[in-house]
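**Student:** The lines below spell out each chain.
2 protein chains.
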Amino acid sequence: MAPPAWPCCTMSGSSKVTPASPIYTRRLLAYCYLCGCCRSGRCCMLNRAEIAAVVCDLDGTVYLGDQVIPGVPAAIARLRASGRRVLFLSNNPTKTPTEYVTKLTKLGIPATSEDILTSALIMAEWLAAQPGAPRVYAIGEPALIRTLQSHGVQLSDVPGQIDYVLASFDRTFAYPKLQIAFDAVRAGAKLIATNPDKYCPVPGGGEPDAAAIIAAIAACADTTLQFTAGKPSPLAAQAVATRLGLPITSCLMVGDRLETDIGMAATGMPAALVLTGASTQAMADQWTGPAPRIVTASVVTLVDFLLT
Amino acid sequence: MAPPAWPCCTMSGSSKVTPASPIYTRRLLAYCYLCGCCRSGRCCMLNRAEIAAVVCDLDGTVYLGDQVIPGVPAAIARLRASGRRVLFLSNNPTKTPTEYVTKLTKLGIPATSEDILTSALIMAEWLAAQPGAPRVYAIGEPALIRTLQSHGVQLSDVPGQIDYVLASFDRTFAYPKLQIAFDAVRAGAKLIATNPDKYCPVPGGGEPDAAAIIAAIAACADTTLQFTAGKPSPLAAQAVATRLGLPITSCLMVGDRLETDIGMAATGMPAALVLTGASTQAMADQWTGPAPRIVTASVVTLVDFLLT
Numbered sequence: 001m002a003p004p005a006w007p008c009c010t011m012s013g014s015s016k017v018t019p020a021s022p023i024y025t026r027r028l029l030a031y032c033y034l035c036g037c038c039r040s041g042r043c044c045m046l047n048r049a050e051i052a053a054v055v056c057d058l059d060g061t062v063y064l065g066d067q068v069i070p071g072v073p074a075a076i077a078r079l080r081a082s083g084r085r086v087l088f089l090s091n092n093p094t095k096t097p098t099e100y101v102t103k104l105t106k107l108g109i110p111a112t113s114e115d116i117l118t119s120a121l122i123m124a125e126w127l128a129a130q131p132g133a134p135r136v137y138a139i140g141e142p143a144l145i146r147t148l149q150s151h152g153v154q155l156s157d158v159p160g161q162i163d164y165v166l167a168s169f170d171r172t173f174a175y176p177k178l179q180i181a182f183d184a185v186r187a188g189a190k191l192i193a194t195n196p197d198k199y200c201p202v203p204g205g206g207e208p209d210a211a212a213i214i215a216a217i218a219a220c221a222d223t224t225l226q227f228t229a230g231k232p233s234p235l236a237a238q239a240v241a242t243r244l245g246l247p248i249t250s251c252l253m254v255g256d257r258l259e260t261d262i263g264m265a266a267t268g269m270p271a272a273l274v275l276t277g278a279s280t281q282a283m284a285d286q287w288t289g290p291a292p293r294i295v296t297a298s299v300v301t302l303v304d305f306l307l308t
Numbered sequence: 001m002a003p004p005a006w007p008c009c010t011m012s013g014s015s016k017v018t019p020a021s022p023i024y025t026r027r028l029l030a031y032c033y034l035c036g037c038c039r040s041g042r043c044c045m046l047n048r049a050e051i052a053a054v055v056c057d058l059d060g061t062v063y064l065g066d067q068v069i070p071g072v073p074a075a076i077a078r079l080r081a082s083g084r085r086v087l088f089l090s091n092n093p094t095k096t097p098t099e100y101v102t103k104l105t106k107l108g109i110p111a112t113s114e115d116i117l118t119s120a121l122i123m124a125e126w127l128a129a130q131p132g133a134p135r136v137y138a139i140g141e142p143a144l145i146r147t148l149q150s151h152g153v154q155l156s157d158v159p160g161q162i163d164y165v166l167a168s169f170d171r172t173f174a175y176p177k178l179q180i181a182f183d184a185v186r187a188g189a190k191l192i193a194t195n196p197d198k199y200c201p202v203p204g205g206g207e208p209d210a211a212a213i214i215a216a217i218a219a220c221a222d223t224t225l226q227f228t229a230g231k232p233s234p235l236a237a238q239a240v241a242t243r244l245g246l247p248i249t250s251c252l253m254v255g256d257r258l259e260t261d262i263g264m265a266a267t268g269m270p271a272a273l274v275l276t277g278a279s280t281q282a283m284a285d286q287w288t289g290p291a292p293r294i295v296t297a298s299v300v301t302l303v304d305f306l307l308t
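Protein chains in written order, with our numbering: chain A, 1 to 308; chain B, 1 to 308.
Just so you know, not all the hints are guaranteed correct.
Copies of the same chain look alike in the list, so a pair counts if it fits in one copy or across any two.
Under the rule of at most 25 Å between Cα atoms (straight-line distance), these lysine to any residue pairs were calculated in the SDA-like manner [said to hold, decoys possible]: (1) Lys106 x Gly152; (2) Lys103 x Leu225; (3) Lys198 x Gln154; (4) Lys198 x Gly132; (5) Lys190 x Asp304; (6) Lys106 x Gly132; (7) Lys106 x Pro234; (8) Lys190 x Ala129; (9) Lys198 x Val158; (10) Lys190 x Met283; (11) Lys190 x Arg171.
Rather than coming from a laboratory, the hints here were simulated on the basis of the structure.
Remember, predicted model here, so these are calculated numbers, not experimental data.
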């Protein structure tokens, strides 16, 4: 008999469960709890040899506000030295890739804009590819506006001319923007968003994110969100595959948020949850969405596991 | 055999349906459609002799913005001359009763503050009656703040000290208010609201109302609304009964919005829908909530019917 490919399943007495089994994704956490491997950060459900690239969230995963999470720069350096590509994928549309490069470099993680994908960039590329040059009313901070403009997206704040109302994380959000969005949707515009995040984790708390803006518009204009560009959308997975030139099944999504980062598991990416931001172990225990392959303390313990 | 009390039921072949029947409320529109009495504004389901007072919505029912709906001042005068009390009940918390008196008088409808109830006033009375002097963070316009202060409600914008985040119709809403609400809810505050309206009808469109503010806070802070003070809440029905000294079953609620004005039917008030504001006949046809006793063009046709 061949040695079991998934030792923790053997340990928990369920060696018949393989990644191809229909119960694999849904029951993963339950099985791992039996042997405790997820809690110890050494989950054997993650086949390390298959991981060619790590796609890493930023807020709550690499840093909180302007504070880098201890040990992460060295861990990223070790990952790169092992030959694995590291791509940063953030739902936060309040910085351009160039600004993220500056921030990461300052925090001790050298990067180029080729290493960065944002929900704003993915949305700008999608909008620029639409036929008929749709007009967009963007509720967002200057970085989003600049990203859209640099992709040639047509912007408008005249309700009757707007094809898409684009909601995003906007700390300059105010009632006059809500009024334009309301009027535009009532005149036929569709509601789309860069990202669905509830709040952005910052030291000591959070900042209300795009979910608040989306909900405000949807509630008053009696409409529903069409799609988001960022995690956990298939558009984001497609952007990862295009940028890395790899099948998404070999790209490990690492992040702190169940709904977005771990939600990417539904697109076919393996996903790892770190507990340095929005999620706790208790939240992971109750999570009924696509399962993470591993739940671990931080990017540091994840990299320890990957490189063991 | 006694003559049927509800001729339209007889006309539609359903004379066994009486107000005491469990299908009465749910099926009312369907029955009335058979004889067409609702469409003609002459619904016999409304027992005119039982109506001692008319509780009248304002935005979309009496006026749109600063324009009075034609004929309404004369209709209100006829109603009062018939001996029926007229009380104005608005979910709009952006004016104090005194300001509504001024507005109504200017539009040709003499009134005193005894004739006015608002969602802000009902909420202020509820908060003032709570034990322990709860601290409230009010997201609202100056009229709401003044109403709360005049009732001795304690206001605070320090998240850790706030017991209730009070959302309302606020055209001065901006991100810093959302941040305080988010922080307060995450620190344990409960989310309540003056009113649940999606938008306030104004000439040519609408203004995003409290529903947008409620939804924004609920979405980012992952909470749910506890209750609203205005229509269609039982608190509003109780305030009507107290103010008029009448059983609510003899007070006819008249308004343009299904969710709020007609929603009051669930509290036991008979309700009449007018088509001068937020609702169309098509929306009334699809409405599955508590049924209006009558659907009619405006307050003018309603008063014609009541006084015939």
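**Student:** Please go over all the hints and tell whether each is borne out by the structure.
**Tutor:** Comparing the hints with the structure gives:
Proximity of Lys106 to Gly152 under the C-alpha cut-off of 25 Å is found in neither arrangement, the shortest distances being 30 Å within a copy and 51 Å between copies. When the C-alpha separation of Lys103 and Leu225 is checked against a cutoff of 25 Å, the pair qualifies neither within a copy, at 31 Å, nor between copies, at 38 Å. In this assembly of identical chains, the alpha carbons of Lys198 and Gln154 never lie at most 25 Å apart, being 28 Å within a copy and 29 Å across copies at closest. In this assembly of identical chains, Lys198 and Gly132 lie within 25 Å of each other by CA distance neither inside one copy nor across copies; the values are 32 Å within and 32 Å between.
For the homomeric pair Lys190 and Asp304, neither the shortest alpha-carbon distance inside one copy (45 Å) nor that between copies (42 Å) is at most 25 Å. Taking the shortest alpha-carbon separations for Lys106 and Gly132, neither the intra-copy value of 41 Å nor the inter-copy value of 50 Å comes in at or below 25 Å. In the homo-oligomer, the alpha carbons of Lys106 and Pro234 never lie at most 25 Å apart, since the shortest distance is 31 Å inside one protomer and 57 Å across protomers. For a Cα distance limit of 25 Å, the shortest separation of Lys190 from Ala129 inside one copy, 17 Å, qualifies, whereas the shortest one across copies, 44 Å, does not.
For the identical chains of this complex, Lys198 and Val158 are inter-copy neighbours only, at 22 Å across copies versus 28 Å inside a copy, given an alpha-carbon limit of 25 Å. Taking the closest pair of Cα atoms, Lys190 and Met283 come within 25 Å of each other only across two copies (21 Å); inside a single copy the shortest separation is 33 Å, beyond that limit. Proximity of Lys190 and Arg171 under a CA criterion of 25 Å is satisfied in both settings, with 22 Å inside one chain copy and 23 Å between copies.
Against the hints set out earlier in the document, violations occur for numbers 1, 2, 3, 4, 5, 6, 7.
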